[in-house]
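Enquirer: Given next are the chains, with one letter for each unit.
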Amino acid sequence: MSLLIVNGLSTEIRGRGESNLVVRDISFRVERGETLALVGESGSGKSMTALSIARLLPPAAQVSAGEIKLSGRDLMQISEREMRDVRGSKIAMIFQEPMNSLNPVLTIGDQIAECVRRHQSVTRSAARQQSIELLAAVGLPVPQRNIDEYPHQLSGGMRQRVMIAIALAAQPDLLIADEPTTALDVTIQAQVLDLLKDLQSQFNMGLLFITHDLAVVKQTVDRIAVMHQGELVEHGTNEAFFASPKHAYSRALLAAIPTAQKRLQRDLEQDAKRVSAVAQPEAEDAAGPILSVRNLQVHFPIRGGVFRRAVDYVRAVDDVSFDLHAGKTLALVGESGCGKTTVGKAILQLLKSNQGSVQFQQRDLQTLGNEDLRKIRQDLQIVFQDPYSSLNPRMLVGDILEEGMTALAVLKTTQDRKRKIKLLLDQVGLPADSVLRYPHEFSGGQRQRISIARALAVEPKLIVCDEPTSALDVSVQAQVLNLLIDLQEELGMSYLFITHDMAVVSYLADEVAVMHQGQIVEQGPTEQILLQPQHHYTQKLLAAVPSL
Amino acid sequence: MSIQPTFLITDLLFFALTISLIAFVFVVRKRPHLSRPWSQVLKSTTGSVSLMILLFYYAIALVDSVHFHPRVAQATESQYQYSSEVHSLLDVLMTPMRSRMEKTFSAPLATHSFAKEMMQNEAGQLQRDYPRLNYGGAHLAQPEDQKAADIISISLQASAQALFYWALIWLFMLWLYSQRNNQGLATLLANVLKAKTTYPLRAIAITSAVLMLLTVVSMQLGQHYHLFGTDKVGQDVFYQAVKSVRTGILIGVLTTLITLPLAILLGALAGFFRGWVDDVIQYIYTTLNSIPHVLLIAAAVLLLQVYMSGHADDFDSLTERADLRLLFLCLILGITSWTGLCRLLRAETFKLREMEYIQAAEAFGVSKFKILMRHVMPNFMHIVIISVVLDFSGLVLAEAVLSYINIGVDPSMNSWGNMINQARLEMARDPIVWWSLSAAFVFMFTLVLFANLFADVVRDALDPRVVRGEQ
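Keeping their order, the protein sequence lines are chains A and B.
When we follow the numbering used here, the leftmost residue of the first sequence carries the number 13, and every step to the right adds one.
When we follow the numbering used here, the leftmost residue of the second sequence carries the number 1178, and every step to the right adds one.
Any given hint could be a false lead.
Stated by the list, open to error - Partial selection, computed: residues in chain A whose CB lies under 10 Å from chain B:
| id | residue |
| --- | --- |
| 1 | Met13 |
| 2 | Asp225 |
| 3 | Val395 |
| 4 | Ser401 |
| 5 | Met407 |
| 6 | Gly416 |
| 7 | Thr418 |
| 8 | Leu423 |
| 9 | Lys424 |
| 10 | Ala467 |
| 11 | Glu471 |
Said to hold, decoys possible - Here are the simulated lysine-lysine pairs, DSSO-like style, with alpha carbons at most 27 Å apart:
| id | chain 1 | residue 1 | chain 2 | residue 2 |
| --- | --- | --- | --- | --- |
| 12 | B | Lys1373 | A | Lys434 |
| 13 | B | Lys1207 | A | Lys434 |
| 14 | B | Lys1220 | A | Lys432 |
| 15 | B | Lys1371 | A | Lys424 |
| 16 | A | Lys430 | B | Lys1545 |
| 17 | A | Lys432 | B | Lys1528 |
| 18 | B | Lys1547 | A | Lys424 |
These are calculated hints, taken from the structure and not from any lab test.
Backbone N, C-alpha and C define an ideal beta-carbon position, used for all residues, glycine too.
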């Protein structure tokens, strides 16, 4: 008998007067010791499916049809009281955000022991002993010490391990992991995935793995179920799926993932275009790099004592140098906290740097006065990571696009600016009536297009792209990346592309600089870095990337 | 001329405020993206009903702000003598209630006094009994038998009148509307009745009917009775409560007008620039906060009193003195109450400052001032609106507390605070004198309740992130 049988499950969210089916008639099974991946983009209903199984749906949502059987027991029929026992002891869940899932005022040990003692009648000291064993099982470095630490003392990856330990404390039959590695860096992601696999075979659990990342899926799971708009569009074994995806949506999903091969294909197409067009003048390259950063250092003071003197410094950026040529893309790669965003902001003079020079078109930005800096801002723009916090929610899109032009006096008359805004919206593929709408009326990908249009409005020569696609779904990410590449070809800008995603790097970068703890550890043309990494950190980073 | 208009300082401020409100409405109407949220407010039933009631209060305050000296007697052919008393338009409208003073307490709609008195009966003997009131129900020969019937007949007549005029006005307006939109009057009426119009016309019609009924009935009854009874010195309580509307609204509005610029400007500056600017501003409000507010207010009001008694010639009338005291009270209340909001806004600005859209604006070289105006302030306005409404009710209550220790508004000025303060002693009487307190409470409660409801709707409408139901 299968561990979990989901049969004809439908879940609806009831709004005012109308109901919206978010999960439509899906059926699947999970066996003991087997991993099933539920893959789909945000809004496809995969999380709703998981919540339906655990009966943890938000108040507005409810299961409208279907049955869910765990070891032959129908979960839809039992009382809430019985269900509480099922949760934790039979079904355990791990969520996406390890930062928010742990109680910050209790020690790790308290939180695990609470779970252990809830499901087994053991003494306090026995529970503690068991907690230490669990922490060791999930690979925390010093379980005896870690058990008395608080969540904030641990890193994101360690916290996610603690979450897994808590989930395992009750020895569940089924573990539901809802995007357990999305918030983590690649190297840590690889560790957590390995750990999950090990534990699964060790405890002989069924694992329902929910993710949007096909690359992660390929290495971890036995079977794959693809969800699209609430429906299960494809369901098959791992090998069969990647060998020949049957459904059109699955193929589109696979095609949207940026890889080096696709870039080569693109390059070939472009070469063909270039050959037919007139040879491009390469005079700009002779003039030297458009941006040249030398020995840049940014330190943040740690203040202490009565007068808040700086007692120590965090060396966020420590001696970074690189060159960027006109019309090219330099990718700055690294994990979170390595200082790559700080570099971007320091180049734009949004942050004061402590040492070093930033030369833009042969002018040192740090020595410029306010007035000169304002003039040069026209050529230097930025696109931010979070499409939600980078647009003022109380300004109309038209006003957002106009602001830069007005501030830098790019176009003097209102008509000119209106015409330019129309052109910009057209360039980034948004309807012309967006002008009178507010940012919240747009989806994440569309908002990122608005951000790009805002940067383009002043016709910059260099755009710092600070993880512009990391908050987006794969298919949307592909659209935004292609848009950036097309704009570069059309307008000849340079990009400083800050990212943690090696796949994105291989897709669009001409050169790569790898950052680690505030320093650039390796730098060179993309092919060279990807194929022959020299520095051990680069090797580690590349090895951790799950590939298709 | 039979009157001599006079303008108190608060009147002028009130008119200025009214004019700027009207100007604001005109500006907003012309800009589609600004008028969208406000039409959202009007489309919600709660929004338009509370707005109507607030406007009704505002209208009372406005009518009560038109002041003049009435003429007493004609001295010579060309010269008129004007009374030193200041009256408002509202006083004229409520003349019988203002001028008809009883001796002391009387219950609502009573015909007899609340206190026993020695008097002579028909036989010429002295006895203690409840005397007839001078005015309340004076037209009745047999008050015990006739009172109920009389009150009912007056009320019914007044209701009929009110509803008649109400129906007339509404039919006329709907007719105008149907002419303009080429819509049959019958279909329009049907739509209104079924609440199928864009704006909640049915709710508005019902609210206006209720307001009209209450106004006409209370005015008509007020001609013959004391609707809410009389207070210790025999003054009509209903009149007092209505007169207090202006005081309440002025204290709420003027104080807020003083508080807001201080709180918004200082809060935004402290949060945005940090460093020494923040230090200085924090210093100011921490210092201000560490002085007990009551002490500060008492000192300020007493100073003003000393000044006024030293310069008695500068003031034409008692009303003018009371008015200046009210203004001064608003000022000092404003100065002591901006710190809380300022602190909130400072913290919010801290948060907003780190938002990426502000960094994007910096990357465009937008000036600091513009960033503050366009990116920071609009994004904390919801906090301002919420705390203004909460403060508004708090201020009306603060006025009551201050009146209690005699540093509130002038005792000669009608205010809910003064009414409640007086009711404090009346509550200890047996049988209890409950009407002063209840009248003040009902008027205050209605104002504060609908101000809260209105602010709720406005906040939702002004926030573009709130997804609206009908989409």
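Enquirer: Please go over all the hints and tell whether each is borne out by the structure.
Expert: For each hint, the structure was consulted:
no.	hint	result
1	Met13	44 Å, violated
2	Asp225	25 Å, violated
3	Val395	9 Å, holds
4	Ser401	5 Å, holds
5	Met407	7 Å, holds
6	Gly416	4 Å, holds
7	Thr418	8 Å, holds
8	Leu423	13 Å, violated
9	Lys424	16 Å, violated
10	Ala467	8 Å, holds
11	Glu471	12 Å, violated
12	Lys1373(B) with Lys434(A)	38 Å, violated
13	Lys1207(B) with Lys434(A)	23 Å, holds
14	Lys1220(B) with Lys432(A)	36 Å, violated
15	Lys1371(B) with Lys424(A)	53 Å, violated
16	Lys430(A) with Lys1545(B)	25 Å, holds
17	Lys432(A) with Lys1528(B)	33 Å, violated
18	Lys1547(B) with Lys424(A)	18 Å, holds
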